[in-house]
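*Asks:* These are the residues of each chain, in order.
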Amino acid sequence: MKEPVEHEARSVRPYTVTGGRVRSASSDMPLEALVEVLPGAMNGHGLPPEKRAILRHAAHTYVAVAELSALLHLPIGVVRVIVADLADAKYVRVHTAAPMAVQSGWSQALSLSALESVLNGISAL
Amino acid sequence: MAYQPSDTAVTASPPPSARVAPTVVKIVVAGGFAVGKTTFIGSISDIEPLSTEAAMTEHSLGVDDAGGRSDRKTTTTVAMDFGRIALPGAFWLYLFGTPGQDRFLFMWDDMVRGAIGAVVLVDTDRLDQCFPAIDYFESRRIPFVVGVNCFDGVAKHALEDVREALTISPQVPVLYTDARSRAATKQTLIQLVRLAMERLHGA
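Read top to bottom, the protein sequences are chains A and B. Just so we're aligned: the first sequence equals residues 118 to 242 in the working numbering. Just so we're aligned: the second sequence equals residues -6 to 196 in the working numbering.
Chain B with its partners taken away, still in its complex shape (with noise of 0.2 Å):
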């Protein structure tokens, strides 16, 4: 175990200039509407979720929820959910969700820089959900892996089909997790840290 001497450590707030600042680390949760993103951030934050909003006045391309097509100009906003984990050795680790729509996927650039990787999660029930933030992911050659969201303890497919479908390198590592447990949000974290690790080592 890494961990650094406890006078680094985070305690219960002494006056922030008493201490050295924690080293903050992130990774992205990504993945349609509605997958389990918000549930996944919370089994782990050490605070209950927060939430955000980008305004947007972008133009918005693509399918919306609805079904229609807008390419009008548009203001929206754009909710942003995340939590934070505080580590030994004083890293703070923050989780940053975000829908996965094409059109959202401008403000990904700033969530992802200096991100360790993502996770995207996926429901295989609608798997094409998923196919923006793994393009996105993908040509960006950020490290991610594919959580597949087990809603209610069921897995209904194969993960090698799961990979099949999403075309995806072998290279990505996919796996069952449920956003709802502390303790598969956590394997899915590690595998991604993992990859990012092997990713350096390679690089």
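So that you can see chain A by itself, here it is in the shape it has in the complex (with noise of 0.2 Å):
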């Protein structure tokens, strides 16, 4: 049972991949929105190991935020910085819902079809 721990030592300060900047319009980027690499960006070349790492997780599968920051053993806010500047620099495609009512919390976007497929397809489990 994982529950709160402890910083592990870290040989880097998570923040320093970034370049010190801890928020963007990337602070929006939810924690399920899927990346994306798109064609031509595959290598990376000459980018930072984390931007590399990145391309090298999401070039056969869509990924989403959450899984790379577990996946790199980097906190969120810093994995949506990189993938921001990833989007920038049309190396990915970031996929969200449609936009959501933040203030309620609830999305609008969810449709009842929507939810009806994610029923059936629970169901079918």
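Note that these hints are calculated values from the structure, not bench results. For glycine and all other residues, C-beta sits at the position ideal for the given N, C-alpha and C. Some clues are possibly wrong.
[As the list claims (entries may be wrong)] Distance condition first, Cα-Cα at most 20 Å in a straight line; then the derived SDA-like pairs of lysine to any residue: (1) 179/B with 232/A; (2) 168/A with 157/A; (3) 179/B with 237/A; (4) 149/B with 118/B; (5) 179/B with 233/A; (6) 179/B with 157/A; (7) 179/B with 231/A; (8) 179/B with 236/A; (9) 149/B with 160/B.
[Said to hold, decoys possible] From the derived model, a few chain A residues whose C-beta atoms are all more than 12 Å from chain B: (10) 153; (11) 166; (12) 168; (13) 210.
[Stated by the list, open to error] The following residues of chain B were derived to be distant from chain A, with all beta-carbon distances above 10 Å: (14) 75; (15) 119; (16) 120; (17) 121; (18) 143; (19) 158; (20) 166.
Hints are included, so try docking the two chains, each in its own frame, into the full complex.
*Replies:* Pasting the structure below:
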């Protein structure tokens, strides 16, 4: 059971890889936003290791921001900044759902038909 | 069954650009320390539950696990576990689990944004641990169900007693679950999606 844990020792402070930046448009990027590597971006020569790692992990499948955070052992906030950089540079595309009602926290984007598909899908598991 | 044509189904790894991105949906799994959130997620996830952390330098208020009060500014990290289930019709369902202590609630806004709803897992021996989660979802009108986790398959309390102790409205489903059982987890998720659909109908 993983619950609150202390900071593990790191050789590099996490936000070093973002150049110290902590927020940008990326702070709205959902945890479950899917990252897709765009054609022609595959090798990522000259990019820092974290960016190359993201391109590698997302090379053959969509990978969520939260998954990249877990796979790279980097905090979500750091991954958001790096992914936003990669998207700006046209290495990746970020897929998010339609705009959501932030205030209620409950998505207006969830249509009844989408929920029905999810319900049927879970029932068939 | 609302299956989509097979050409849009999630299949093994063609190049991403060759197909449509899956529609991502998520459900939050909340509850107190060691109540079985990760087990619940792992019982149904396609992938081994992954864990990541949100680094926090927020002020921490409230009671810590050691029973002492702490209101100084601290740096800590919160583990967040999650799993993923591919569903027909190119839907990917993510399950996000996180601790339910008061001092971590601020990060829930991030997690619940766009969620179908939440499952609050309850251990009847430590009922008070789920209060912050229930308050949170009630105040934000997020659909949630209460799953009473039956450790070792034993139900120690009647569901109506649990409902009364939690003082939740009759509209909130309270059900027995078993975090280790895929079938029980499935039923719990089905209840939640049904509730979300009813809410959407009524909206």
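*Asks:* May I ask which of the numbered hints given earlier this structure violates, with the numbers listed in increasing order?
*Replies:* 6, 10, 13, 14
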